[in-house]
Amino acid sequence: MKNESTRTLRAPRRLAPAALAAAVALAGVAACSRSIPTLEELTPQTANNDDAGAGSWKMILLSGPTQFTVAPPSAVSSDAYQAELAAIRTAQANLTQAQKDAIDYWSGGAVLRWNQILRELVARYNLPPAPRDDGSYPAPDANNPFADPAFPFANPPYSARAYSYVTAAQFEALKVAWYYKYQYNRPSPSRVDSGIQPLMPTTDLPSYPSEDAVLSGVSTEMMRLLFPAAIEEITRRAGEERDAALQSGKASSSDIAAGLALGRAVAAVFVARAGTDGMAQAAGNAAQAQAYASAATARGEVAWKSLETPPRPPMLMNFGKVLPWMMTPTDIVRERPGPPPSTSSSQMAQEVNEVRDTVDHLSREQLAIALKWNDGAGTYTPPGHWNDIATEYVRDARMSEVRAARVFALLNMAMHDAGVGCWDSKFAYYNPRPSQMDPRIRTSIGLPNFPSYSSGHSTFSGAATVVLSYLFPAGASSFEAMRDEAGISRLYGGIHYRADILNGKDHGARIGGYTVAFARQDGAD
Amino acid sequence: MRIHARSLACLLLVLLAPCAKAAAQTIEDGILMPKKALCTGFIYTHDSWDEYWEGTLKRSNGNIGAITTQSVAWMGAYGITDRLNAIAMVPYLWTGASQGVLQGQSGVQDLSLALKYRLLETPFTGAGSLRVILAATAGTPLSDYTPDFLPLSIGLASSRFSGRSTLYFHADSGFFVNATGAYTWRGNVTLDRPAYFTDGELHMSDEVQMPDVFDYSVSTGYIKGAWQVPISFSQQLTLGGGDIRRQDMPFVSNKMNLSRVDALVKYALPWVRGLQVQVAAAHIVSGRNVGQGTTLSAGFLYTIGF
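The listed protein sequences derive, respectively, from chains A and B.
Note that this note's numbering has the first sequence beginning at 1, numbered continuously upward.
Note that this note's numbering has the second sequence beginning at 526, numbered continuously upward.
Don't read these hints as lab results, they were simulated from the structure.
For every residue, glycine included, the Cβ atom is placed at its ideal position computed from N, Cα and C.
Which residues of chain B face chain A? A partial, calculated answer using Cβ under 7 angstroms:
1) GLY587
2) ASN588
3) GLN624
4) VAL626
5) GLN628
6) ASP669
7) ASP717
8) ARG718
9) PHE722
10) LEU727
11) MET729
12) ARG770
13) ARG771
14) GLN772
15) ASP773
Ranges of calculated distance between the beta carbons of each label pair, as one might list FRET restraints:
16) ARG236/A to GLY765/B: 21 to 29 angstroms
17) GLY300/A to GLY765/B: 52 to 60 angstroms
18) ASP133/A to PRO559/B: 56 to 64 angstroms
19) ASP438/A to THR819/B: 31 to 39 angstroms
20) LEU692/B to ALA481/A: 57 to 65 angstroms
21) ASP133/A to ALA591/B: 14 to 22 angstroms
22) LEU582/B to LYS58/A: 50 to 58 angstroms
23) HIS361/A to TYR617/B: 18 to 26 angstroms
Heads up, simulated DSSO-like pairs for lysine-lysine below, C-alpha to C-alpha not over 30 angstroms straight-line:
24) LYS372/A to LYS780/B
25) LYS560/B to LYS749/B
26) LYS305/A to LYS321/A
27) LYS321/A to LYS58/A
28) LYS583/B to LYS305/A
29) LYS372/A to LYS305/A
Looking at chain B on its own, in the form it has when it is part of the complex (with noise of 0.2 angstroms):
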């Protein structure tokens, strides 16, 4: 019954894309900026539910109708070498549901920071070039939001630390693929009352482990001249963490696993140089204690040479 919150802030870094002439630029993907080039840019995304994953039954629910997460998050990436990035992003939310009587919330929800660095580049002669890329991100709450009131909650307000690494090759023909995967550890969770069942146990306390995660990612496309076109399949397990109950909220530590299926177009502005625009479209294809949500999202990048 959640997916906006963390998920969403994910799928916000994956959407993320365009940034120099031909160059995308997000935490999963091969591509860097080159040193002292600025990307940056806006993005909204409008991501909505009706149906969710109770544990692994799939139901709705006619106490909340559809739940819809909008939000609004500023990004931006900087070449400090041509082989070392850093990538920034703070979004703005707000959630909803469609039925019943429970209120929506809406906040900053979590900065994340990010150093990428191009471990190693092969060519292949007449063929493309191979990369390894890898990026340690950092993300924590910028407000007190809670995250005791799933599923409209803005996240999850836990501090996280990922290391990602990531293979990418590019063809000379404009054809890629790429490969990701990150773990992420997270920090406990302070609740605002003094005990939680979870998981099969009652707990006296106000705090809440919460369980790591590990993502994938594999995607392909298109990226020549102006155009890049990828489309992408991701998978989200989280290694631990209880079921929703039968008829119960979901739960800040749940098991939230999903697989996802992504596309994005972008296109380099030619009037401006430098401006980006692209729209993207997600929709989880299973999952577990999420919502089965369809996301789409629009936005520009600004890229500026120092």
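So here's chain A without its partners, still in its complex pose (with noise of 0.2 angstroms):
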């Protein structure tokens, strides 16, 4: 075949153009099959500052960290630590490549690795139920989540949730760490016995109780609650970060125990709070949703209807009042931004014709930017994105895992906040999406299966933009730039008018301000 393909193309010479563009193809074709890595490249994290004051940061949910019992370890010199330390020289003259690949792994930074695998499990279940045949549509059991549909359906307010959840939870429980480590200042093992190496870049931070064991038993539990068909990944990977901490000379099996039991005991808070913060009733009925549509009519308006086939229920269509971080639910109803433009109104005409008009003129140019930023069915969602882009500049910063933390905690309560002020304004006012005003406007991404006024990509944006931007001051130019081209890219997708995307914008500006506040007074700046 070979020889043959050879022959062939050196035969007559009037064919040179052709072989010429099939070699390039072929050369191409080589040259760009490659593998492509799942995830951020981390380089290993060494902290610029260990933030030895962080035992002393506001807390969010919990009292103070001596609302945890973390009992004293032993001494260093005692028989009981002298064998763990024994137990670890072991460990690392026996090492496999998997455990050496699994301490590379974690070298990236837990706090970034938990959020990466967070990410995921968001993507991987970000699946709207199926009809049945009958043209109902069944619900995500939280009780049989390997059914179809599995549990949950990881939409944008579900995953909002999700994602501060898990790192309000690591945020906290780092500072009750930090806490104790600096109460009980013991060393990590590698500085402790000279007999074992750092293979984790280490720093002056104790390591009583282990912060990677407190995020490997804060994020399971989180996890557990959140993604309970994942359990068995979560709890692996959880269990390869303790081994990595362990043989990489990081800290000792008591280090560990320790923190791996006050992680656990800081997310029971966490998931109590997620069992009565109005989540449960979030998914409301058809009488609810036919209330909604009524008081739309009441007003005059047009109101808001399902363009799928079969109609499906709106999504979520309690969320907004479901609890936010730093916000109180009068804080919500008073921020919520003013009315659309009435559906009879003559600035709604207009607001329709500019998105047919975008749609019918689409530019290759504007379709790459509403594809970019779709974040739709089977994403991370617009919360991940923004996830996302935070974690550039959290590895870049070489920041402590309790800062780390700080920030996709402040970013993540920020956005859920976002979540349930922006549910909050599509359900007051029930307004129609552009395809259901003008049937002709044909969208080229997916059409959110609720109302349109404010739009969810400009409210969580709009946000992250404003808390990201205290925390990175020389990024808020490009945080504004990506938050504006996320805005505007629903509008190329056909699914937003200009009003859903300026006020949704705004919006979250103003409910980011509440984390930007929390955060100025937090001891941490």
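Taking the hints as your guide, dock the two standalone chains into a single complex.
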């Protein structure tokens, strides 16, 4: 075969152009057919600063670090601790390739790695239930998570809440851990015993309780609640993280045991909050959906309706009543944007025309922007996209684990509150989508199945931009450009009016301001 | 949920036929153009499906209804020598959904260029003759269409290279049998987004690795005088890739498999020297991550000697 094609290509000179094209295509295929790394490349993280004072940073849900008891560790000179060191030496002498790979993986930063894992879980579970033959839609069931439909449907509001619970619990647990680390000041094993190599970057950070074990415990318990069908994989990764901490000489078995217990105990407080935050009622029912529609009709407005076939109940219709983090329910209603243009107004007619004109003359660049920010079904959602963006800033800033956790907690609490506020507005106004107002409007991304006003992308992005700009001032103009591009992408996609985007952006910025107000006085800056 | 695009392009090649007196001329068949003869023409194709395989689950979807892909393809085949032919093809495609709000797409899809070489020919006196043919095909997108809007994208936007071998036996009576198989290497595809989830994993990249493809086809029929009437069965097997998840959209690197039957009738018009017309039909009988398409096509091809 190979000889034949060589002969074929050599044959007549007239063939040169075709042969050249074939050769170029072949080279192109060979050159670009390479495997794709699955996650961001994370170089080993060495913190610029250990943040020794993080144990006194202001708490969010907890009353303070002493809400939990972490018993004093045994002395470094004790037989028990010396036996732990011997076990690490033995482990280091017998490392398998898989164990070395795990150490490299977790060297990228445990907070960053858990954030990647969380984004992957969201993408995996972000699929709407398929309709039944009778045209109804089954609801995902937390008590039967492996069924069809799987639990959860990790849509944007669900995932905004999930990102916030995991990252807020991680942040609070690490603050408690830091408090006890500097209370007990036990060095890491590789600093105590010269026979133990530091296989991960180490600093002067005390190792009792182990921050890796805290994160493994708190993350496992939060993800067990939010993604119960993935518990086997989550547990495996958490165990791998603890093993890597021990085998790398970063933590001893008692450092790890104390950290794991602390992480689990902090998670229990957040799990209890999640049970009473209103999420259980967020899916709503047909009577409530009818009431939202009737209220819009009574105001003289065209009420939103599902354009799916068969019609699907609107996504999490009561998510606007879920408990926020940095706001009160009263704040949520007070910050609600003013009403959208009336569906019978000339301004609305202009907005509809703008959408139709945009989609009918969409440029390739506009389509690329619509697809770039689509973040629809099967993806990590818009809040996940902003976690993705934040990851590079956190990585490059070389933060301590507790400070990295603060970034993701603040970002995700703000986006959760943005989701609550946006859903409050969507169901307060129950405004129709462009394709409902003008069926000639055809979209180049999936049409979200909930009311239009205001834009969720714009609200999430507005809140994220305010928080990230506070945390990374040098990135502010970049965040603002991304926020504006994410917003306008929804007009290009044909699924939002300009008013949805502009009001959503401002709404998100106001909501993000609540989180920034907390951050300014939490003791970290 | 995706047939058109790549498999349609593939189908077009299978369906392209006549050229020269009794000679067909496609990449897959055993027939070659004589030296200095050019066969060129256009073929219109209409493909439609309202059921697709979501992984292995066959279903319909009210949010798209029926997906229709139409195309007009130009093709040309030229006899460099009696043993070596060059073949080129470029289709223009447009897609649409009968239900829901999704926008159809249109544009020039991929250029395919092939070299086809008759390695050997063994006559069997009084029976017929057996040929062995080798072909190499390169394909690459000619426009910047997105492959990230399936099933409405017009293609998969992957550059590719195929190696093919074909066995062709033509009996003196006019009956023939043809067996052909190809392995296709496909280059990575670039999306407009920074991350995607497929085959159980989140990828933090805009680049997608495309699995390779194996396809084969067996056909039989009659070629004599002005008539050609082949029928064929073919299979496409994607050697990797993930399934469409429950209620998910299709993805560019999905494991797209299909089995298809084709029928074709070609006729050389007696009153216009060198002009052949053809009509063809094809139907997918089973598949995975593709639509169950039914395809109809019609076209003409004109042969010129230099």
